[in-house]
Every structure is written in C-alpha cells, then in structure tokens.
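Enquirer: Can you build the whole structure from these sequences, using the hints too?
So the sequences go chain by chain: A and B. Counting the first sequence from 1 gives a position; the numbering used here is that position plus 13. Counting the second sequence from 1 gives a position; the numbering used here is that position plus 13.
Hints are computed from structural coordinates only; laboratory data are not their basis. Hints should not be assumed to be uniformly reliable.
Identical copies go unnamed one by one, so any copy, or any two together, can satisfy a pair.
[As the list claims (entries may be wrong)] In silico lysine to aspartate or glutamate, EDC-like type, Cα no more than 20 angstroms apart, as pairs:
hint : residue 1 : residue 2
1    : K195      : D87
2    : K195      : D23
3    : K15       : D64
4    : K233      : E24
5    : K113      : E403
Below, each chain spelled out in residue letters.
Protein chains: 2
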Amino acid sequence: MKAQIISIGDELLIGKTLNTNAAFIGNLLTENQINVTKISVVGDDEQSIKDAFEYSSKNFDVAIVTGGLGPTHDDITMKCIKEFFETELIENEKILENIKSIFARRGREVTDINKEQALVPKCSEPIPNIMGTAPGSWIEKDGWIFISMPGVPSEMEMMFSKYVLPKLIERRGEVADITKSKTFSTTGIPESTLFEKLGDLTTLLNGGKVAFLPNQFGVKVRVNATAATNEEADNKITEIEQRIRTIVGRYIYTCKEETLEEVVARLLTDRGLTIATAESCTGGALANRLTNISGSSIFFNRGVVTYSNGAKVELLRVDEDMIDKHGAVSIEVARQMAEGIRSTSGTDIGIATTGIMGPKSDFSDKPVGLVYIGICDENMVTAKEFRFGENRLLNKDRTSQAALEMLRRCILGIEYDQ
Amino acid sequence: MKAQIISIGDELLIGKTLNTNAAFIGNLLTENQINVTKISVVGDDEQSIKDAFEYSSKNFDVAIVTGGLGPTHDDITMKCIKEFFETELIENEKILENIKSIFARRGREVTDINKEQALVPKCSEPIPNIMGTAPGSWIEKDGWIFISMPGVPSEMEMMFSKYVLPKLIERRGEVADITKSKTFSTTGIPESTLFEKLGDLTTLLNGGKVAFLPNQFGVKVRVNATAATNEEADNKITEIEQRIRTIVGRYIYTCKEETLEEVVARLLTDRGLTIATAESCTGGALANRLTNISGSSIFFNRGVVTYSNGAKVELLRVDEDMIDKHGAVSIEVARQMAEGIRSTSGTDIGIATTGIMGPKSDFSDKPVGLVYIGICDENMVTAKEFRFGENRLLNKDRTSQAALEMLRRCILGIEYDQ
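Expert: Below, the structure written as structure tokens:
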C-alpha cells in the first residue's frame, strides 16, 4: 500500500507555516507498516489541487489530503473534490448537529457560512470532527482511496488517529515482512556519550537498525528490527532492549510515546506523593508541564514563581543574607528554595530552580546558562549545578527537563549523575 | 518564474524530521517575488527522485533540490543527477581543496568517501559550500534551471542566501509586478465572525488578496497587494490596513512576527508597570509565557500557581466561604485572586485565571472549558467568563492567550468584548 500525503495551503508554500501535519501522518503510517512514498504541498489554487489529485490517483494507492476545508473564500478543497469526482454536495444531518452543538457550547450562533460546512460529497463517507466544525471525507474510486481532512492540527490529529488510521490498517491487510521499532527516550546524557557507551553497534543490534534523535529534552534512540513474524520481530527488539538497558538504563525514562512529566505524574500518583514547585529561572515552565497532566491536582499542590528576591524571601523564607552572600543563582539558594516551598506548602516533595537563562547575563559575574536545581523530601535536601547554553527558551526547556528527571530519580531512588 | 522545491530524504517521509528547509527557501523566494507553486518530498529512492526531476522539468521553471548529497550509502542524489542529465562526474580542484581544508581545521584526515564529494556533474556550475564538504550544483537545460544543495540546514541556508538566491533574482529579471504582504495577528474573535465583520472583501481589498490562518491563539489575517512599483504596492497595503483597522482594529495585537507576550512585555516595560500572576487552571502557563521574554524581570515580580483551595486562601487571601458558596471556578474567586495577588505582591497589575481545563470535569456541575479571568489595577477590578473546548492543552493556550489580551486591553484602555 503506497500512500501519498497532499498538504494544501499557501501558507506552507511561502514558508510561514511548518508542515507538521505531514510529519504527524507520516510517522503514524510508517509505524503501522504503510509506506509514505511522497509528500506534495500545493497552494490554494484550483488547478494545482486538481492536478495533484489526478497524479495521485494514477501513481499511489492512497491520497491523504489536509487543509482548505475552513469556512472562508480561500478554502477551496471541497469545491475541487466536488468537481474532480464529478459528485454533488449534500447536507449531512449528523455533521450539522455537531456544528450546532459546538456553537451552542461556546454560546455562539451558527452562521450561514458555518452551516455550509455540513455539506459533504455525495460519493463520500463523511468522517466526524469531534474537535471542530469541518468534517473529513473518505472516498474510494477504482481501488484508489482518497481521504480529506481539515488542516487545523488538533482536529486533523484526532480525526486521523481515531477514524482514518484504524480503517487504513484494516484495508492494508497482512504484511509479508514485519518491521517493529521501539524508541527509548533518554535524558541527562549527550548524544556522543550515549553513542560511545553503547559501543559496537553491529554486535548490539544483531541485524537491527538504530537512529539517534537529539533535541533539548534529551536523545531518543530508535531501534528497528525486521523479521518474518510478529513474534520474531518482537524477540529481536526485546534482545536489543536488554542490551541497551544494561548499558544506559538509568537514563531511559520511557519507551512509550510519552513525556517525562507524564512519567513523573504517574510515579507521584501511584505512590500518593504530593509536590510543590518554587521556580525562579524557569518562570512557571515546570509547574506548567506538571499541570499539563490531566488529574494533576491530585499530586500538585501549588507552585510559586519567585522572580524577584523579595518574593524569594517572603514566599519561601529564603535567608536575605544568603542571597547577598552567594547571589540568587547559587547552590545554597536553590537548596533553601526547595526546603521553603516544601515546608510552606506541606507537601512530600519540594523542588526549586534558579539560574541565568540568557541571552544576557544578570549583573553578577556568573555565566549565562548556569543553573541550580534543588530538591527536598522528608529525608534529604540536595541541589545540583548545570551548565546549559545561551538560548533562553531552550534553557527553560532544558532546566525544566533536568528538574523533572531529578524528581524521577528521587522518587525511584536512582542516584543522579550527569 | 514558477519554482518547485524538491526535498529528498526518508526521514522527512517518516515524519521524524520537519521540513524546515522548504519553509526557509519558500519564505525567501516569496519575499523576492519568485513564486513557489509546489513542494515535493521524496525518499532516498532512485526512481522517485528521477520521476520528480522529470515532472519538474516539464511543469516548472526552476527546481530547487535539497538533500541526499552526504557521504553515506543512502545519499544518491548525485547518482540520479548524473543519470538524469546523462552527464559524467568530474573532480573539481577547488571543491577538493575546500574539503581538505575543512578536515585539516578539524584535525582529521580526508578519507576516500569524502574525496568523492569533490566529484561534480560535468554539465554543472558547482556551488561552493563554505560550511561543509558537499558542494551544490547549478544546471540549466532547455530553459529549465536545476539547483541541488545539501540537506544540512546550516549549509543549505548559507549556500542558498549567498549564491543561489542572488543568481535567481538576477535571472528573474525585472518583475512587472511587485507583491507586498502584511499579516495582522488577531485574538478574541473567531474566524467566521472576523470574516463576516470584514464584509465584502472585493471592496475591502481593491484587487488585493487575503488569507485567514486560525489556531488556538487567534486568527492571522494575511493581506497581499500587487502593483507596478514598490511604492504603489506599499500604498495599496496601507489603504487595506486602514480599512481593516477601522473595522476590527481592537482585535489586532500586532502586524509583526511577534507573540502576544512580546507585545504585552513591551507595553509593560515602556510604561514602567509591574505585574504578578495568580494561576489556577493555567498552572504556570501564563507566568511561563511572560518570562519567556528576555528582560522580563523588569516587569514580572512573581507568580503563584494556586492549584489547591488551601493555596488560594493562604497565598491570595481568597475568602474560604466564597469558595464554598460559588466554587473555586467562579467570577467571584477570579476577582478575589486578582486582587489578592496584586495586594500581596505590591505590583501595579494583578491577573488571575481559574477554570476547568478538562478533559474531565471537576466534581461540580460546571462544564469543561468554563474559565474566568480576573484583572485588577489601582483603579478597577473585573473578571470575564469564557467558554473554551475540551482539550486540556489547547484550553491552557486559549486561557493564557485571553489573559494576555485582557492585559493588553487593560494597559491600552481598550474595552474588552468577546
């Protein structure tokens, strides 16, 4: 089954929007043994869109189209579908109900141009959109499968995962060679160190393949193995996993599609532990990541963002003399902040960040990228020093990631080294 | 001059790498009056690459190809060029010198596979790579211009800006028409309402074009105007801008490439105002966005994330009876939180969020997506009700965006309506 992704939108051609939709779809199709052999991006132009449909119908088994389904004049995908498939548009009762209920929930009235979004191609099976107003379409013609979805990422992602992908997998049928892959998310170890520690990859992988994907949150190690059966492929992956875990297991926080905050949230919830955060340099990023988790009110009691020294003294009882002596960015202040937030909030764990995020330094002689993270539970209080880069936003990401990793290690009783 | 971008690489098809190269090229070409009419992504596969070359030579004036020029087994672009153009590869002295000097600088020896990168198509003009070892190629055939560059972003960007773009502009010649564009970032008004308020677009635009780009932070309205001279095009844009501002000016927070927090940070800094945040439902997202701005310590004094009711009472002096009576998610509590954070921190402005972010409801009968935002300065305290959707992360984005917009309006004295 050869699939093509067709992304529609001028904003993609002129480079104002990154094509994250194609990446999202490409990733999920590949993981499910459906080959993406081409991605095409065309503008909001009738001829270009129809040409792309025509080429796809002749060269690929599946076309997955995103974009151009909104309510305004430059959204012309539905018109192109109507004309390309020589079909008509008919009002769909269920879709109209969905549009009305979305507007009702937001306390707004349904306008005529919104009602038009309930018009679907007669030759199609409409795909529901539970996140928005524009429905998708599934059309089949002479063995070619054509799928149209909105370009708004959240709507497309939900629609693709819930309706499109399962149906495509069903239609794909059994595949001859099975390729399985597993991704290990590591943090706190640089790509080159990881690479060196893993040693000879030929031995390690035994016919499998590996890719290293680094970003500011850590390095993901993706392993692939191909075999004749599901079981064989799984066994190969398990063998490779055992070898990798023996060498660098402590740095791996998950092998699922989940974030470090999801892992930490589960650990806290399972153990019935509560936490409070005291942030200076991360400015709320750490609390934000913890509260991204649904149900976080169970473990997250409160957070403070003590940007000014006054706030550190008033809210966290940090010793003013200590700040004068060592500076707000110091191991001593990180430790006192962690102790302060734990004792004032009465939680099991307190965690604190202080550092210089850049791009400019503060007025001390300390370098941009210098960070201290403090952590405190009923048995201990400790703080670690980190040296990050010069980019402010990347430094906030790196610091909140390191803080979450210190939390994970603290809960699991794994020593923290860098 | 119709240009196509062809990006080569399996990693793009399987969604592990975002196609930032195409966005970079598309943006610069558009700014220089060269139309990008298609972007195609193909894998490291000979037939797919040659098919893409063939199609491009027949349908476009220029093909800009990136990727597949590295030294390893899956880099096959040069082989495809050789065969597609029926040419031979010859060693280029200057390129070889460049490779040798790069290796010398890194203290490494030049290997045979690196020397192979000095082989360039006989029919081409080689393009120097001052950041790496793989040269680019400029080939012309029957009026079609073919450009090949490496896929490493830093190398491609330098090569494109320094050599390729100036030469393309020269070849483009004088353009009969100059196109200028301007983007207005709006928030607090849905796409369909914006569209309706703007009324008849033909009159409004007077020959110009408009595109609406919605996401959870608002709707961007991009306007294009074409004219014979730079000045005329600028004048057209100014006219359109005046009409748009008359109708929906209050919703526009910028027409530059900047975020709402950057706008708010500038307003606060210019006026010497200080702020403190009290967040319940946004869980630190608002403080995080404000502290993303370099220099935010000038206006941002502190923030609290009062997830528990206890924290609201202790840190913000919210009335416990009020919480019992109206619930933590209420207009009364939002107002008290804003007053509480302003008075405890001694800042000019206090802002507060409380709501149900979902996907599950709290234990009250209030719906997911219900949000109250309170704001308080020396003259007034007020709070507004919002109804957002069911997606937790999008709701946090929408709430922090609405809070920043209330701040912007408060500072500028623009009334807040929804």
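Enquirer: Each hint: holds or not?
Expert: Checked hints:
no., hint, result
1, K195 with D87, "between (41 angstroms within a copy, 17 angstroms between copies)"
2, K195 with D23, "between (35 angstroms within a copy, 14 angstroms between copies)"
3, K15 with D64, "both (19 angstroms within a copy, 16 angstroms between copies)"
4, K233 with E24, "between (30 angstroms within a copy, 11 angstroms between copies)"
5, K113 with E403, "between (49 angstroms within a copy, 16 angstroms between copies)"
Of the numbered hints listed earlier, not one is contradicted by the structure.
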